[in-house]
Amino acid sequence: GNSVTQMEGPVTLSEEAFLTINCTYTATGYPSLFWYVQYPGEGLQLLLKATKADDKGSNKGFEATYRKETTSFHLEKGSVQVSDSAVYFCALSSGGSNYKLTFGKGTLLTVNP
Amino acid sequence: DVKVTQSSRYLVKRTGEKVFLECVQDMDHENMFWYRQDPGLGLRLIYFSYDVKMKEKGDIPEGYSVSREKKERFSLILESASTNQTSMYLCASILSGDRGHEQYFGPGTRLTVT
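Chains A and B are the protein sequences, given in the same order.
Start counting the first sequence at 40; every next residue gets the next number (my numbering).
Start counting the second sequence at 91; every next residue gets the next number (my numbering).
Derived from the structure by calculation, the hints contain no laboratory data.
Just so you know, not all the hints are guaranteed correct.
[Stated by the list, open to error] Under the rule of at most 16 Å between Cα atoms (straight-line distance), these lysine to aspartate or glutamate pairs were calculated in the EDC-like manner:
1) Lys-144(A) <-> Asp-149(B)
2) Lys-144(A) <-> Asp-141(B)
3) Lys-93(B) <-> Glu-120(B)
4) Lys-145(B) <-> Glu-159(B)
5) Lys-93(B) <-> Glu-81(A)
6) Lys-160(B) <-> Asp-118(B)
7) Lys-143(B) <-> Glu-120(B)
8) Lys-93(B) <-> Asp-118(B)
9) Lys-91(A) <-> Glu-81(A)
So here's chain B without its partners, still in its complex pose (with noise of 0.2 Å):
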């Protein structure tokens, strides 16, 4: 089974810190995501990389930076925390190939900004 996990199911942050999420998958994926999640308005693509040290800006890259140093694993950063950061965050992975592979996703983190 694939699986992809996150470093935290729910994180407590005060604004203006630095924040870290950690995303890891362990099926030898090229493409990894990172999504954040509100109600009312879907998923909305935050920054994706296509393989090690690639990047690539989402829909809304605003206020956050990735790292990918490692293939399995793709770090979100929020460089100073602000509490309309606050939100459900997905990571994701898929592997290269056919278009019609699914995207595997981690069981999310739920991030609140104090």
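Chain A extracted, bound-state conformation (with noise of 0.2 Å):
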């Protein structure tokens, strides 16, 4: 069955520190991949997705590319903010009809000042 494995948290950085976040999958077929965002007491929100082999996904600094031949899609920002502080999930949909989402187990990212 398909899964997503993203690095264990918690990630604590300084402000303008260069974020990245692992993210690894296995799935059949040609899934689509996506990272979602979880702010303190909301739900998730789309931050960004690939749907093809090589594509970049980018939005608000943030971008992750997805590679076929190691199976990753792992997010990167050059410098962060405070405002970045939030959970981060990796997840993916292996297509069908259903648009189900697998998602890894989220990782806590806090930036202080």
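Could you use the hints to bring the two separately framed chains together as a complex?
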């Protein structure tokens, strides 16, 4: 079956530091890959996505590249801000007619001023 | 803007009570989902529905049931609440079509069963 493994947290960084959160997946076929973010007290919202190999998703300074050869979708940001403090979830959708998402366990990021 | 709303942000119930969690979306989405979120476990799918009156079990359906009588509304039912059902419950919806479309999430209901 499908699975997503992401780097365990928590991750604590200082403002303007470089961020990487690793994500690898196991899936049949050609999944779509997503990063969702959950700010304190809120539901999840889509941060970025990639639907085919070598696609790069980007949003709000975050980037992730769909690497089929390494089955990875690592999240990066060059300079984090305090406002980026949140829980980040990597997820995949393997298609079909039901649009189910398989999530990683989440990584809590805290950015200190 | 797509909006997914959940009936309560916080709920406290007693063991054995019947609990209803309501979710409403306003974008005419066919597919709706219920997840529970627990620390260290991420999000786990309880049930989903791809059309009115249609439902399928997710990964952890035991102790839960669902109802979808109208397209915009998807209810999660705990027939007899237990303490191990204390959790954050998240509802989501998605339009059928391109599987690259995002799921839209509600704000969550934090349920405590005492």
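Checked hints:
Of the pairs offered as hints, the one joining Lys-144(A) and Asp-149(B) holds, with about 15 Å between alpha carbons and a cut-off of 16 Å not exceeded. For the given pair, Lys-144(A) sits about 28 Å from Asp-141(B) by alpha-carbon distance, which is inconsistent with the 16 Å threshold. Between Lys-93(B) and Glu-120(B) the alpha-carbon distance is near 14 Å, which keeps this suggested pair within the 16 Å criterion. About 11 Å separates the Cα atoms of Lys-145(B) and Glu-159(B), which keeps this hinted pair within 16 Å; it holds.
Restraint check: the Cα-Cα separation between Lys-93(B) and Glu-81(A) comes to about 13 Å, which is no more than 16 Å; the hinted pair holds. Of the pairs offered as hints, the one joining Lys-160(B) and Asp-118(B) holds, with about 10 Å between alpha carbons and a cut-off of 16 Å not exceeded. At most 16 Å may separate the alpha-carbon atoms for a hinted pair to count; Lys-143(B) and Glu-120(B) meet this at roughly 11 Å. Under the criterion of a C-alpha separation no larger than 16 Å, the hint pairing Lys-93(B) with Asp-118(B) is consistent with the structure, at around 11 Å.
Only pairs whose Cα atoms come within 16 Å are accepted, and Lys-91(A) paired with Glu-81(A) is rejected, the gap being roughly 29 Å.
When each numbered hint is compared with the structure, violations occur for hints 2, 9.
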